[in-house]
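The whole structure should be built from the sequences, with the hints applied where relevant.
First to last, the protein sequences are chains V and C.
Mind the numbering: the first sequence is residues 1 to 318 in our numbering, read in order.
Mind the numbering: the second sequence is residues 1 to 318 in our numbering, read in order.
Only true hints are included.
It does not matter which identical chain is meant; a pair holds if it fits inside one copy or across any two.
Derived lysine-lysine pairs resembling BS3-like cross-links, with alpha carbons at most 30 Å apart: (1) Lys260 x Lys271; (2) Lys67 x Lys303; (3) Lys244 x Lys260; (4) Lys303 x Lys56; (5) Lys283 x Lys56; (6) Lys260 x Lys273; (7) Lys303 x Lys5.
Since the hints were derived computationally from the structure, they do not count as laboratory data.
Number of protein chains: 2
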Amino acid sequence: MNTIKQVTVVGTGVIGIGWIARFLSQGYDVVATDPAPNAQSRMEAAIDKAWLTLGKAGIAEGASRDKLKFEPNLKRAVADADLIQENAPEREEIKRSLLAEIDRYAKPEAIIASSTSGLLPSKLQADCERPERVIVAHPFNPVYLIPLVELVGGKDTIFEVIESAAQFYHSINMKPLVISNEIEGHVADRLMEAIWREALHLVNDGVATTEEVDAAIVYGPGLRWALMGPFLTLHLAGGEQGMKHMLEQFGPALKLPWTKLVAPELTEELKNKVISGCEQQTKEHTISELELRRDDFLIELQKLLEKYWPAANLNGKL
Amino acid sequence: MNTIKQVTVVGTGVIGIGWIARFLSQGYDVVATDPAPNAQSRMEAAIDKAWLTLGKAGIAEGASRDKLKFEPNLKRAVADADLIQENAPEREEIKRSLLAEIDRYAKPEAIIASSTSGLLPSKLQADCERPERVIVAHPFNPVYLIPLVELVGGKDTIFEVIESAAQFYHSINMKPLVISNEIEGHVADRLMEAIWREALHLVNDGVATTEEVDAAIVYGPGLRWALMGPFLTLHLAGGEQGMKHMLEQFGPALKLPWTKLVAPELTEELKNKVISGCEQQTKEHTISELELRRDDFLIELQKLLEKYWPAANLNGKL
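Structure (structure tokens):
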């Protein structure tokens with residue numbers, strides 16, 4: 001049972017604002033706090049804007065823009081919260097002491113969730129008196145529209161807290177992905193950070209402009225990633241033999257300098273994990289069925305994109 | 001002027017089939033060749049399938065499934081072609097000698113394009129008598145639906161050939177991205193290869209399954225990549241200050257172990273390139289306008305995905 005009624009958002013930058021908008025749109029009472037001058041007026045303006053968008057996306061029954069309260073004092077802001085979502089700058093020492101402070105002021109049964117993009121929950125919870133209720137709940141921008149939230153516990157987090165948090169985020173229309181092994185960057189940000197660093201190298205080495213890098217994603221591989229991740233994408237590029245064929249065909253390319261990232265050794269064990277993983281994912285579906293689904297999606301997606309792409313049209317160069 | 005009338009596709013694997021389907025759907029006469037036993041019958045079956053999909057996507061006036069001819073003999077297959085698209089296995093020595101052979105048999109004015117995912121055109125053209133008409137034209141699977149094609153010349157390729165090729169691919173509804181500096185993996189595959197290697201590490205290290213990696217893309221960052229590449233995405237995550245703010249906020253994370261890929265030094269020069277690149281890309285548009293466009297797209301995309309996602313629903317786990 002989801003017993004979370006009141007939510008407090010600590011830190012009202014882009015991610016904090018996104019959380020506030022999502023919580024409000026799902027009918028929750030939200031208290032927001034931020035020590036910055038003008039934080040309240042900037043928050044109100046940003047929420048007004050997001051609220052217009054949420055009107056188009058659809059809001060829950062009973063949801064109201066008026067269920068938001070700004071409280072500059074941290075202690076008072078977290079006192080009644082059932083879940084506190086922390087969005088401080090991405091520096092371990094800042095988050096660590098802030099979480100310890102939140103932990104002191106919050107109700108004993110409240111869940112404390114950090115939005116950190118990549119820091120380890122075991123470190124973030126280390127100074128808390130009740131570390132067992134501290135987790136990472138990492139969202140994606142814009143938080144009020146993107147469903148993924150990565151949930152990661154630290155070494156002191158108890159399973160029940162992760163379970164309650166997963167239920168709660170699921171109830172606000174999110175897709176909670178519980179990650180059992182904590183690692184810097186969790187999962188999605190490791191993938192994004194790899195692409196980001198490679199993109200920076202390309203610009204740094206004078207191979208492409210930021211615009212060309214973006215075009216190389218948007219008109220190509222980016223079209224498939226809303227439907228299929230890197231594994232399923234390649235599974236479908238391998239013909240009827242799927243990933244097995246791809247590993248034979250592109251396995252040797254892992255040794256080539258096609259990125260600045262060094263690949264793992266393609267051992268039999270890794271091959272088996274990848275191939276059986278893909279087969280497990282696609283279970284009842286043949287490659288042919290999945291290709292058809294992909295193609296139908298791509299046709300509809302490109303019709304939709306006709307309305308949006310021109311502004312990203314390399315200023316007319318493509 | 002586009003003077004290309006007849007196209008020959010060498011190699012009828014997944015990518016070759018994709019090219020055949022795209023060329024046919026745009027009204028071209030296509031000759032296909034492949035030395036494998038049963039290549040013709042496998043090709044015919046695959047084209048029949050793609051043709052059904054292309055019926056939904058829309059085909060050009062005058063296009064016909066019957067304009068396809070299989071010719072097992074390479075010399076005869078390329079003799080009358082204005083453009084030859086090569087799709088041999090991804091091994092330099094194979095492609096190099098095959099391209100030299102094609103070069104010997106083709107009309108002097110024909111363009112020879114290799115679909116290589118990552119090999120360098122300067123090396124691929126090295127054994128040709130007329131290397132000036134050899135280029136890389138790298139497509140994405142499924143070729144008959146994804147518009148991006150990366151065009152890269154080698155050191156002997158002349159500009160007029162790249163220009164004619166760009167016109168031709170543009171005329172068949174593709175988005176040709178001309179890359180001026182050849183590099184292993186071109187641009188898009190460098191980004192994909194970085195994500196792919198990081199994903200393999202995650203599976204290899206036991207952090208996530210293939211299914212979890214895919215979910216971490218599909219429900220999160222993957223939703224944005226059909227509209228915006230990595231630079232524009234971050235530009236919009238930085239609030240009104242855009243990329244400038246993001247580099248301040250996440251610059252220090254470049255030193256953290258958030259991926260196995262080592263980042264470049266974030267010099268003032270690189271910062272300036274990235275910030276001015278993003279400003280150039282978005283010129284007449286304010287961040288607010290672009291956020292609105294992104295949000296409208298995300299709302300429509302997720303409505304569209306409701307039809308497709310359940311099958312990728314972590315077998316009910318999410």
